[in-house]
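So the sequence lines, in the order shown, correspond to chains E and G. Using our numbering, the first residue of the first sequence is number 1, and each one after it goes up by one. Using our numbering, the first residue of the second sequence is number 113, and each one after it goes up by one.
Derived from the structure by calculation, the hints contain no laboratory data. A couple of the hints might just be wrong.
Label pairs and their computed distance ranges (CB to CB) [said to hold, decoys possible]:
id: 1; chain 1: E; residue 1: 40; chain 2: G; residue 2: 168; range: 16 to 22 Å
id: 2; chain 1: E; residue 1: 64; chain 2: G; residue 2: 117; range: 27 to 33 Å
id: 3; chain 1: E; residue 1: 83; chain 2: G; residue 2: 132; range: 37 to 43 Å
id: 4; chain 1: E; residue 1: 58; chain 2: G; residue 2: 129; range: 43 to 49 Å
id: 5; chain 1: E; residue 1: 52; chain 2: G; residue 2: 121; range: 33 to 39 Å
id: 6; chain 1: E; residue 1: 9; chain 2: G; residue 2: 115; range: 18 to 24 Å
Looking from chain G toward chain E, a few residues come up when the C-beta cut is under 10 Å (computed) [to be verified]:
id: 7; residue: 115
id: 8; residue: 118
id: 9; residue: 120
id: 10; residue: 123
id: 11; residue: 128
id: 12; residue: 156
id: 13; residue: 175
id: 14; residue: 213
id: 15; residue: 214
The beta carbon of each residue, even a glycine, is placed where N, CA and C say it ideally should be.
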Amino acid sequence: AQSVTQPDIHITVSEGASLELRCNYSYGATPYLFWYVQSPGQGLQLLLKYFSGDTLVQGIKGFEAEFKRSQSSFNLRKPSVHWSDAAEYFCAVGVRNNDMRFGAGTRLTVKP
Amino acid sequence: DAGITQSPRHKVTETGTPVTLRCHQTENHRYMYWYRQDPGHGLRLIHYSYGVKDTDKGEVSDGYSVSRSKTEDFLLTLESATSSQTSVYFCAISETQGSEQYFGPGTRLTVT
C-alpha cells in the first residue's frame with residue numbers, strides 16, 4: 001500500500017541549531033516529492049519539490065531536501081533554525097495521474 | 113500566493129444539519145481537491161475534481177458530496193453533519209494530478 005511516514009511527531013531544537021526532518025515513503029512508482037509548512041491557523045505553503053534530476057533540491061526560507069532512492073527517503077534540512085521556523089511540516093508524495101498522500105506531520109518547536 | 117479563497121472560514125452547526133463549504137480559485141487550474149485535517153492524521157483527501165462536472169472520491173469520502181459547475185468553484189456538502197466531521201477543511205488546486213498543490217486558508221467546522 002502507498003504510504004508516507006514522518007517518524008517524528010514533535011521535534012525541539014534551539015535557535016541557530018541545525019534541523020533535519022525525516023520522511024520515508026512506500027510507493028511502487030517513482031514519485032514526486034514535496035515538503036509543506038503550516039503555521040498555526042494557516043494553510044499549507046509549499047517549501048520545495050522534487051520531480052527528477054539533482055537529488056538535492058533547494059527551497060524557500062533556506063530549506064533543502066535530499067532524495068535518496070535507495071532509502072525511499074526525502075529528508076528536509078536547514079543549517080540554522082530561526083524562531084520563525086516554528087510550525088508544522090508535512091511531507092507529501094505524488095504520483096503522476098494519481099492522488100497526493102501526506103505524512104502525519106512533524107511539529108517543530110524552536111527554543112530561544 | 114495562489115488565488116484560493118474558502119468560505120466560510122469558521123462555522124458551527126448542529127448534528128443532522130446540511131453544510132456547504134465553498135472553494136473559489138482565480139488560477140484557472142484544472143484540478144481541485146477537498147481535504148480534511150485532523151491531529152495525527154495529516155491531510156486526508158475527501159473528493160477531488162479534474163474538470164467541470166468531473167469528480168471522484170478520495171480516501172475519506174463517506175458522508176460528503178461535491179459539485180463543480182464552474183472551473184473556479186468547488187463545493188463540498190455534508191448532507192447531514194455528524195460530530196465526527198468536526199475538522200479543519202482545506203481546498204487545494206493543481207495544474208496536473210500528482211504535481212504540486214496550492215492550498216486555501218481552511219475552514220474550521222464544528223458540529224455540536
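Now the hints, each set against the structure:
1. The hinted range of 16 to 22 Å is not satisfied by residue 40 of chain E and residue 168 of chain G, whose Cβ atoms lie roughly 32 Å apart.
2. Here the CB-CB span from residue 64 of chain E to residue 117 of chain G is close to 31 Å, well matched to the stated 27 to 33 Å.
3. Taken as a hint, the range 37 to 43 Å holds for the pair residue 83 of chain E and residue 132 of chain G, whose Cβ atoms sit roughly 39 Å apart.
4. With their beta carbons about 48 Å apart, residue 58 of chain E and residue 129 of chain G fall inside the hinted range of 43 to 49 Å.
5. Checked against the hint of 33 to 39 Å, the pair residue 52 of chain E and residue 121 of chain G passes, with Cβ atoms roughly 38 Å apart.
6. Remark: the range hint 18 to 24 Å for residue 9 of chain E to residue 115 of chain G is contradicted by a beta-carbon distance near 33 Å.
7. The interface hint given for residue 115 of chain G is broken, as the beta carbon of that residue sits about 13 Å from the closest beta carbon of chain E, more than 10 Å.
8. Contact between residue 118 of chain G and chain E, as hinted, is supported at the beta carbon level, the nearest pair being about 9 Å apart and thus within 10 Å.
9. A distance limit of 10 Å between C-beta atoms decides the matter here; for residue 120 of chain G the minimum to chain E is near 15 Å, and the interface restraint is violated.
10. With 10 Å as the threshold, the beta carbon of residue 123 of chain G stays out of range of chain E, its nearest partner Cβ sitting at about 15 Å, so the hint is violated.
11. The beta carbon of residue 128 of chain G comes no nearer than 28 Å to any beta carbon in chain E, farther than 10 Å, and the hint placing it at the interface is violated.
12. Interface restraint check for residue 156 of chain G: the shortest CB-CB distance to chain E comes to about 8 Å, inside 10 Å, so the restraint holds.
13. Nearest Cβ of chain E to the Cβ of residue 175 of chain G: about 19 Å, over the 10 Å cut. The hint is violated.
14. This hint holds: residue 213 of chain G has a C-beta 6 Å from the nearest C-beta of chain E, less than the 10 Å allowed.
15. Interface restraint check: residue 214 of chain G against chain E, minimum CB-CB distance 7 Å, threshold 10 Å, status holds.
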